[in-house]
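Residue numbering for the sequence shown follows our numbering, beginning at 1 and increasing consecutively.
If you are wondering where the hints come from, they were derived from the structure by calculation, not from laboratory data.
Among the hints, a few may not be true.
To be verified - Calculated lysine to aspartate or glutamate pairs in the EDC-like style (CA-CA distance at most 16 Å, straight line):
1. K84 / E25
2. K27 / D74
3. K27 / D70
4. K60 / E33
5. K27 / E85
Unchecked claim - Between beta-carbon pairs, the in silico distance windows are:
6. A67 / G18: 19 to 25 Å
7. A13 / P81: 18 to 24 Å
8. A101 / R75: 33 to 39 Å
9. D74 / A12: 20 to 26 Å
10. A67 / A105: 17 to 23 Å
11. K27 / A101: 31 to 37 Å
12. G100 / A13: 18 to 24 Å
13. E9 / A105: 25 to 31 Å
The beta-carbon is built from N, C-alpha and C at its ideal position, and this holds for glycine as well.
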Amino acid sequence: MTTPSGHTEAIAASRVIGTSVYNTEGKSIGSIEDVMLDKMSNGIMFAVIGFGGFLGMGEKYHAVPWATLDYDEDRGGYVVPFTKEQLQAAPAYSIDELTGADGEAARDASFQYYHVKPYWH
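All chains, please: the whole structure from these sequences, using the hints.
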């Protein structure tokens, strides 16, 4: 079965991690570092996107609602419908902060910032 955009409904996390992410202008903004899973709903809470660092130094991590990522076969990566400015102003975290309190604080801030309807309501 496929999604409305023609992609498969399921994908292995190992294929997602490391995939490039692009903004609406087509600029590479980073890559998917990890995905946070919601064990209670059996869904993905958010993608952890890392960008802004050099050789691992100063990198910022952003929790981006999974539903906002769309795979672009031509680019070989995901596109998010946000401008560079929106992404730069988005809440940023350390890896420890993203996983603290089961990731709920980062999830809630992310869905609110990007104006995405929460899947858990």
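Hints, verified against the model:
1. Of the pairs offered as hints, the one joining K84 and E25 holds, with about 8 Å between alpha carbons and a cut-off of 16 Å not exceeded.
2. At most 16 Å may separate the alpha-carbon atoms for a hinted pair to count; K27 and D74 meet this at roughly 13 Å.
3. At most 16 Å may separate the alpha-carbon atoms for a hinted pair to count; K27 and D70 meet this at roughly 15 Å.
4. A C-alpha spacing of about 11 Å is found between K60 and E33, which places the hinted pair at or below 16 Å, so the restraint holds.
5. This hinted pair checks out: K27 and E85 have alpha carbons roughly 12 Å apart, not beyond 16 Å.
6. Under the hint 19 to 25 Å, the C-beta atoms of A67 and G18, about 20 Å apart, fit the expected range.
7. The supplied range of 18 to 24 Å is met by A13 and P81, whose beta-carbon atoms lie about 23 Å from each other.
8. For A101 and R75, the hinted distance range of 33 to 39 Å is satisfied, since their beta carbons lie about 34 Å from each other.
9. Checked against the given bound of 20 to 26 Å, the beta carbons of D74 and A12, roughly 22 Å apart, stay inside it.
10. In this structure the supplied range 17 to 23 Å holds for A67 paired with A105, their Cβ-Cβ distance being about 19 Å.
11. At about 32 Å, the CB distance of K27 to A101 agrees with the hint of 31 to 37 Å.
12. Distance hint for G100 and A13: a CB-CB separation of about 21 Å, consistent with the stated range 18 to 24 Å.
13. Hint check: E9 to A105, Cβ distance near 29 Å, so the stated range 25 to 31 Å holds.
In this structure, every one of the numbered hints holds.
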